[in-house]
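Trainee: Letter by letter, the chains look like this.
2 protein chains.
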Amino acid sequence: MGVEERRQQLIGVALDLFSRRSPDEVSIDEIASAAGISRPLVYHYFPGKLSLYEAALKRASEDLAGRFAEPQEGPLGARLLRVMRRYFDFVEGHGPGFSALMRGGPAVGSSTTNALIDSVRQSAYEQILSHLGVSEAPARMELLVRSWISLAESTALIWLDGRRIPRAELELQLVHDFAALAAVSAAYDTEMAALLNRMVKDEPADGPFAELVGRLMSLAP
Amino acid sequence: MGVEERRQQLIGVALDLFSRRSPDEVSIDEIASAAGISRPLVYHYFPGKLSLYEAALKRASEDLAGRFAEPQEGPLGARLLRVMRRYFDFVEGHGPGFSALMRGGPAVGSSTTNALIDSVRQSAYEQILSHLGVSEAPARMELLVRSWISLAESTALIWLDGRRIPRAELELQLVHDFAALAAVSAAYDTEMAALLNRMVKDEPADGPFAELVGRLMSLAP
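Those sequence lines, one after another, are chains X and G. Here my numbering is used: the first residue of the first sequence is 10, the next is one more, and so on. Here my numbering is used: the first residue of the second sequence is 10, the next is one more, and so on.
Heads up, a few of these hints could be off.
If several chains are the same, the list does not tell them apart, and a pair holds so long as it fits within one copy or across any two.
Cut-off 20 Å, straight-line C-alpha distance, at most; resulting in silico cross-link-like pairs (SDA-like, lysine to any residue) [to be verified]: (1) Lys67 to Leu138; (2) Lys210 to Ala78; (3) Lys67 to Gly216; (4) Lys67 to Ala219; (5) Lys67 to Arg112; (6) Lys58 to Ser119; (7) Lys58 to Leu138; (8) Lys210 to Met10.
None of these hints come from the bench; they were simulated from the model. Keep in mind it's a predicted model, so treat the numbers as computed, not measured.
Go ahead and model the full structure; you've got the sequences and the hints to work with.
Mentor: Written out as structure tokens, the structure reads:
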């Protein structure tokens with residue numbers, strides 16, 4: 010194998026192990042053994058476990074950011090729901106590693122890992138703005154989108170901890186949560202109200218937004 | 010000064026400095042100088058900056074957790090709004106240190122600091138459940154309360170970054186966000202619907218929940 014090919018293979022093996030257990034618990038010996046090479050050879054390619062972890066996390070970050078890409082066609086609610094499905098696929102495929110990373114901790118919290126997490130959040134933020142047709146977000150829209158992204162993270166983390174609610178329900182719930190938080194924001198601000206009107210005007214009668222409005226209306230006294 | 014008195018004084022001085030700037034930027038020399046003692050004497054009480062930082066964070070955590078305590082009297086919306094005001098008082102008083110801590114980073118991410126953050130989140134969680142009259146939370150209620158707590162954290166962090174929205178509006182918005190997310194959850198689950206009905210039945214017509222419902226109704230087509 011060439012140097013780059015071997016590096017890529019090691020990153021893949023390491024990502025698999027770091028995904029399935031907390032990175033703290035994964036040793037270089039284990040990675041070497043899973044890759045079928047010696048421990049010194051691992052160190053030939055990566056100076057230590059942290060640099061291998063960071064390389065694996067970089068690959069995972071690119072994978073996740075790629076899943077946010079969605080054609081700008083059709084109703085917004087259905088687009089967001091498809092992204093949520095791919096997001097939960099990712100979360101399910103990397104459960105223990107995702108939990109350990111997002112909950113923070115000495116082994117996983119470096120400035121590089123934090124920068125990678127922020128870059129994924131930024132990708133999600135920019136994708137959502139582009140679907141909303143906004144290039145420069147006013148303060149309330151930035152707050153809505155960024156705080157909803159953190160809601161999606163915490164929802165995924167809570168789901169991983171026991172999986173007490175079916176993930177398909179949470180994927181849909183997060184779409185509804187976005188609409189509900191947008192509605193609160195719209196209640197404060199005419200610009201946000203205009204955005205919400207634009208969001209819902211092309212929603213089909215059987216789409217997630219219309220479903221939410223119907224459900225909310227039925228709860229009102 | 011006695012040993013414990015001196016320790017408490019140092020913790021107070023350090024907390025003040027760690028609150029006003031990112032903890033990375035605060036040196037032991039500065040803490041010694043602000044406390045009016047020598048650098049070696051600081052080390053006599055605390056083995057290093059991390060232990061002093063952790064002691065300061067412990068005091069801040071207890072302060073914050075104490076602000077969640079609210080008499081179980083009167084409408085729920087007004088209670089939550091009072092807690093949000095005290096929460097933003099805390100966030101405003103410890104801005105740069107709060108941001109640095111919650112955004113993570115090498116200097117502030119230790120297992121002790123993470124445990125302190127989790128203990129504050131747990132206090133908030135238990136306080137909210139007790140106000141809702143729930144001792145054992147079903148899965149959807151746990152998700153609602155915990156994910157709303159993370160929404161309150163991210164809202165405060167985004168506010169600190171530029172303060173583009175008046176904090177009084179965000180305090181009220183977070184109360185509305187809670188009601189809106191509860192309404193989404195209620196749309197999925199009869200137990201949550203019963204909770205929401207209990208939440209709103211004692212709300213006054215001029216309280217935050219009623220205001221939100223009115224605003225949402227006016228947005229509906």
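Trainee: None of the hints should be skipped; say for each whether it holds.
Mentor: Hint by hint, here is what the structure shows:
1. Lys67 to Leu138: The answer is neither: 24 Å in one copy and 39 Å across copies each exceed 20 Å.
2. Lys210 to Ala78: neither (23 Å within a copy, 43 Å between copies)
3. Lys67 to Gly216: This pair counts as neither: shortest intra-copy Cα distance 35 Å, inter-copy 47 Å.
4. Lys67 to Ala219: neither (38 Å within a copy, 46 Å between copies)
5. Lys67 to Arg112: both (18 Å within a copy, 19 Å between copies)
6. Lys58 to Ser119: Both. Shortest intra-copy (12 Å) and inter-copy (18 Å) distances satisfy the 20 Å Cα cut-off.
7. Lys58 to Leu138: neither (37 Å within a copy, 42 Å between copies)
8. Lys210 to Met10: neither (55 Å within a copy, 69 Å between copies)
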